[in-house]
Amino acid sequence: MLRPYYLCGSSKSLSFHRIFMRKHQERPPPPAVEFAPLASRFERRFLLGIGTASLVAVGANFGGITSFLLGFSPQTGRDLKLDVLYPIGGYTRCIDTNQGFEFIYPVDWVGDQTLLYRAAGKAESERSLDPPPLSGGPRRSNVNEPVVAFGPPGSSGELNVSVIVSPISPEFSMEALGGGQEVGEAVVGTVAAGSSRRGGDAVKGTLIEWRMREEAEKMVKYYEVEFKVESPSFRRHNVAVCCVRNGRLYTLNAQAPESAWPRLESDLYAIANSFTLTY
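Numbering-wise (the working numbering), the sequence shown opens with residue 1 and increments by one.
Hints listed in this document are in silico derivations from the structure and should not be mistaken for laboratory results.
Small disclaimer: the values here were computed from a predicted structure and weren't measured.
Even for Gly, the Cβ is constructed at its ideal location relative to N, Cα and C.
A few of these clues could be false.
As the list claims (entries may be wrong) - DEER-style ranges, computed between Cβ atoms:
1. E182 to V110: 28 to 38 Å
2. E175 to E209: 14 to 24 Å
3. E171 to G100: 16 to 26 Å
4. S155 to K218: 28 to 38 Å
Between the sequences and the hints, there should be enough to build the whole structure, so can you do that?
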């Protein structure tokens with residue numbers, strides 16, 4: 001008896017299906033499946049690279065990234081002293097560990113070259129194995145010379161900030177001069193007298209206002225004094241800060257030409273308000 005045709009056809013279809021499945025199973029997986037582990041590994045490395053590059057960019061302040069981020073919380077950055085490395089809000093920080101003070105100043109200002117050379121010479125003499133010269137090596141020729149000074153590059157020197165540290169009797173206090181008015185007048189008189197000696201012209205100093213802030217934990221009082229200094233050859237506006245501790249008188253003086261005061265008032269007061277002793 002002949003088999004029905006449809007049974008033969010079904011058998012052929014079943015055989016063809018088996019052959020097709022066998023060949024399909026032997027065929028290599030498509031590229032998307034084969035390279036999936038490699039793509040996943042590449043993605044992880046790519047993301048890790050981005051993260052690392054971001055950290056490097058932040059650490060090196062490339063393009064001002066770190067300063068930009070710190071600008072969202074400037075006080076936190078300043079409390080952590082990060083503005084020693086990264087400018088915050090347009091200011092950077094000076095910390096003098098030898099004399100024990102710190103303050104902020106505009107980021108585009110530079111240090112006084114004479115003072116920098118003197119400091120470098122002093123450091124070199126201290127490292128040298130040779131005995132110091134009879135004169136005692138590099139030193140300040142005048143105790144009233146600044147220990148640090150900053151100002152715009154290429155300027156005439158009328159716009160700057162400087163700090164003078166002078167030895168005094170350990171028993172001396174600012175209150176010995178009287179109240180804030182007397183302290184302010186003493187500061188104005190000292191600056192005016194110094195300007196007269198340097199320039200030769202008669203110099204007049206005018207006290208504008210004074211204020212006092214205190215760090216109770218350090219037992220230090222800071223007297224801030226705003227005043228004008230005038231002579232036939234110049235007119236300047238100043239903000240000074242004075243304080244005393246451990247037999248030292250600290251005086252920060254930030255000054256600008258009178259004509260530039262309206263534009264620079266906020267900068268000079270930012271400098272003055274930031275001045276503090278570090279120990």
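Hints, verified against the model:
no.: 1; hint: E182 to V110: 28 to 38 Å; result: holds, 36 Å
no.: 2; hint: E175 to E209: 14 to 24 Å; result: holds, 19 Å
no.: 3; hint: E171 to G100: 16 to 26 Å; result: holds, 19 Å
no.: 4; hint: S155 to K218: 28 to 38 Å; result: holds, 34 Å
In summary, the structure agrees with every hint in the numbered list given earlier.
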